[in-house]
Structure formats: structure tokens, C-alpha cells
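Colleague: In case you want the letters, here they are:
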Amino acid sequence: MGQCLELSAAVCRIGVYSCFRTLCCKGPPSPRTEYDVVCVGLTGSGKSSLLTQLCSESTDSIIPTTGFRIKAVPFQNAILNVKELGGADNIRKYWSRYYQGSQGVAFVLDSASSEDDLEMARNELHSALQHPQLCTLPFLILANHQDKPAARSLQEIKKYFELEPLARGHRWILQPCSVENMDAVKEGFNQFINLLEEIDPENTPGRL
Amino acid sequence: MANDSGQPVGKSPVHFGTGDRVVEMEDSEVENLATSISSDVDAEFDTVIGHIEDIIMDEEFQMLQRHFMDKYYLEFENTEENKLSYTSIFQEYVNLLEKYIEQQLIERIPTFNMATFTTSLQQHKDEISGDIFDMLLTFTDFLAFKEMFLDYRMEKEGHGLDFSGDLIVTSLSKSSSLSPASNNLRHF
Chain R
75 MGQCLELSAA VCRIGVYSCF RTLCCKGPPS PRTEYDVVCV GLTGSGKSSL LTQLCSESTD
135 SIIPTTGFRI KAVPFQNAIL NVKELGGADN IRKYWSRYYQ GSQGVAFVLD SASSEDDLEM
195 ARNELHSALQ HPQLCTLPFL ILANHQDKPA ARSLQEIKKY FELEPLARGH RWILQPCSVE
255 NMDAVKEGFN QFINLLEEID PENTPGRL
Chain C
5 MANDSGQPVG KSPVHFGTGD RVVEMEDSEV ENLATSISSD VDAEFDTVIG HIEDIIMDEE
65 FQMLQRHFMD KYYLEFENTE ENKLSYTSIF QEYVNLLEKY IEQQLIERIP TFNMATFTTS
125 LQQHKDEISG DIFDMLLTFT DFLAFKEMFL DYRMEKEGHG LDFSGDLIVT SLSKSSSLSP
185 ASNNLRHF
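Going down the list, the sequences are from chains R and C.
In this text, residue positions in the first sequence follow my numbering: the first is 75, and each later residue adds one.
In this text, residue positions in the second sequence follow my numbering: the first is 5, and each later residue adds one.
Simulated from the structure, these hints should not be mistaken for lab results.
In silico contact screen, one side only, chain C against chain R (beta carbon under 7 Å); selected entries: (1) Glu85; (2) Lys87; (3) Leu88.
Calculated cross-link-like contacts (lysine-lysine; reagent style DSS-like; alpha-carbon spacing at most 27 Å): (4) C:Lys150 x R:Lys167; (5) C:Lys103 x C:Lys150; (6) C:Lys75 x C:Lys150; (7) C:Lys160 x C:Lys75; (8) C:Lys150 x R:Lys157; (9) C:Lys103 x R:Lys157; (10) C:Lys103 x C:Lys75; (11) C:Lys129 x R:Lys157; (12) R:Lys167 x C:Lys87.
To spell it out: a stretch of chain R is covered by chain C in this simulated footprint if at least three of its residues, at any positions, have a beta carbon under 8 Å from a beta carbon of chain C; those stretches are: (13) 132-141; (14) 168-182.
In this text, a Cβ means the ideal position worked out from N, Cα and C, and glycines have one as well.
With these hints in hand, go ahead and build the complete structure from the sequences.
Modeller: Following this line, the structure appears as C-alpha cells:
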């Protein structure tokens with residue numbers, strides 16, 4: 075089984091330059107580094123919307139994701155191959171099947187959600203932070219929906235999610251944002267890419 | 005890499021051996037040694053690729069793949085979003101077919117080592133032909149795998165397409181009156 079994965083990993087690294095991915099900038103492939111990122115969060119937190127906007131596509135027809143998406147999202151210094159997973163109750167239990175091979179995690183939360191939902195999001199974030207396949211990876215936490223009146227502030231989120239104690243051992247970024255302010259989203263991702271770049275590429279497992 | 009005197013290899017004669025028995029090699033000798041080692045590895049790599057070609061062209065593999073796709077092709081839809089089921093089907097596909105290839109390789113080359121091969125794969129990526137590469141890609145790149153199923157589905161469902169609305173049937177016997185338009189059908 076281990077050997078099968080080795081063949082897979084080798085071809086996967088070669089396949090990185092293949093044109094099978096949906097590269098949403100639609101330009102010629104440029105020699106930017108690529109990183110595999112998994113994007114999770116509760117349903118309605120805004121994962122699909124943010125990723126779609128980052129690819130300059132229309133968000134008009136977005137409906138709750140019931141499966142998963144793979145999108146190659148271009149940034150100035152890197153391309154992130156994002157595996158985005160639906161966040162509904164019945165899908166969350168499958169998240170961990172998609173963790174392998176990830177080099178970083180993007181966690182999206184709705185800053186304006188109910189107390190119950192916020193608690194659920196906290197539980198999910200903590201599970202992810204502690205999961206064996208994610209526990210050494212950098213995390214980008216996007217506190218989305220900041221444009222809504224009920225949105226908790228950055229400090230409130232940091233405190234409620236107990237990031238200081240619980241994200242210990244991780245490199246993490248907490249970025250407040252909304253779909254109305256894509257600059258903030260990009261800023262968060264660019265800082266996240268800096269974290270990803272700090273990892274020694276030779277030591278990255280990089281398995282699919 | 006440095007030799008005893010701490011100078012990098014290639015910049016000065018390379019010393020092999022320890023203590024009294026030190027053999028000094030000139031740069032060109034080191035180069036020749038390196039070339040001959042790499043051409044052995046190349047030959048081995050080419051052999052494996054040759055075998056993979058044979059294996060995937062073989063009827064047994066083709067049938068294995070086709071049966072698998074028949075089982076699941078209806079599950080695949082041409083949408084950006086992927087169903088969770090695609091993942092379990094993907095894993096089943098890899099387990100079934102990649103393992104088959106590995107077994108076949110070991111039968112042909114008892115000393116076959118997957119780890120050595122995958123390292124060579126990286127270095128020789130430009131030399132692998134399109135077909136083989138596409139095939140190997142479906143084991144690792146989920147989107148290539150999905151594309152393969154979508155293509156298969158189109159192929160299967162294409163046979164069910166009804167062309168009758170596009171065809172005009174006109175009798176060409178002398179007794180019937182032929183309009184200039186239908187006359188052209190003879191050259192169809």
C-alpha cells in the first residue's frame with residue numbers, strides 16, 4: 075500500500091503541470107510554486123463564495139456544496155490547489171478523508187452566526203487543529219461575514235476560539251474579511267502563502 | 005559533497021579510499037563514472053516503461069478498466085462540484101488497477117522496486133509518451149480520473165443518440181420525382 079502511494083505521489087508531482095486542473099486565471103501556466111490546501115468550515119460560512127470570487131467568477135449561482143470542489147486559485151507568488159469541502163452536518167464527518175496531502179488549512183467561519191453555530195465552528199476548528207494529518211500545518215482562519223452588523227470583532231473571535239492556547243504549535247493567521255472586501259481576503263492568503271513557503275519543500279510529504 | 009581536504013567535488017581531483025590507499029581520479033573519470041551509472045538506471049527505467057506499455061495495452065487490463073468504468077460511469081456528472089462518492093470510487097480504482105500493474109511488473113521483473121522506479125519517473129518525466137502518462141495520471145490526479153469517467157460516459161451515452169431527425173431518406177428510383185435538393189443525397 076505504501077509503495078502504491080509512492081508511485082501516486084511521484085506522478086502527482088509531475089501531474090502538477092498538467093492541464094487537468096481548473097486554473098481559473100486561464101492564462102498560460104506560469105512557474106509559480108503550488109501548494110495543496112484544504113478548505114473547511116460550516117455550511118454557509120462562505121467557502122465557495124470566497125474561492126469563487128478569488129477566481130474572478132460570478133457568485134450568483136452558488137448553492138450549498140454537497141460534495142467537494144477542487145480549484146486552482148492563483149495568487150501573486152503561488153497557486154493554491156484548494157480542495158473545498160461542503161460543511162453541512164452530514165458531510166463534515168467525511169472531511170478527514172480529504173486531509174491527506176494537504177500542506178495548509180483554510181478554515182472559514184461566519185463571524186455573524188448564532189451562538190450555537192459559533193460553538194459548532196469552534197469545535198470543528200479545534201478538531202482540525204488536533205487532527206494527526208493537520209496538526210503540523212499552518213492555518214488560515216478567515217473570520218468571514220464581517221460586513222454584517224452581528225459580526226464579532228477580531229478580538230472577540232480570537233478569544234472565543236481560544237486561538238492563543240489551542241493553536242499553539244501551529245503557525246496561524248486570523249483574517250477578518252467579507253466578500254465585499256476581497257482585498258482583505260487576498261491579504262490573508264498572501265500571508266498564508268508566506269507561511270507555506272517557510273516549510274522546507276524537501277520535507278513536505280506531498281502525497282495525494 | 006567534499007573530499008578530505010574539504011574542497012567540493014569536481015573542482016579538484018577526487019580522492020577515494022582511506023588511509024594509505026588513496027586513489028586519485030581526474031574530473032573526466034568522475035564524469036564517465038557518473039554517466040555510466042546513469043545510463044544503467046536509464047535502461048532500467050526504459051524497460052519498466054516498456055512493460056507498463058505492454059501491460060496497459062493488454063486485453064486483460066483493458067477489460068479490468070472497462071468493467072470498472074461500466075460499474076460506476078452513471079455516477080459521474082459533468083459539473084464542477086464533485087460528489088463525495090467520487091472519492092471512494094477513486095480509491096477503489098487505484099487499489100484495483102494500480103495494484104494490478106504493480107503485480108504484473110513484479111511478475112515480469114522480479115527485482116522490480118517501486119521506490120526506485122518512482123524516483124526515475126520524476127527525472128524522466130519528459131520522455132514518457134502521452135498515452136502512458138495520461139494513464140498513470142488517472143491514478144493520482146483526481147481530475148484526470150474524473151475526466152476519464154466523463155469521457156467514458158459521453159461515449160456510452162453517445163450510442164444512444166437519435167440521429168433519425170437529421171437524416172433525410174429519399175427514394176432514388178426513376179419513377180419518383182427528384183427535387184434538385186434530394187438529388188444531392190446520392191453523393192452523401
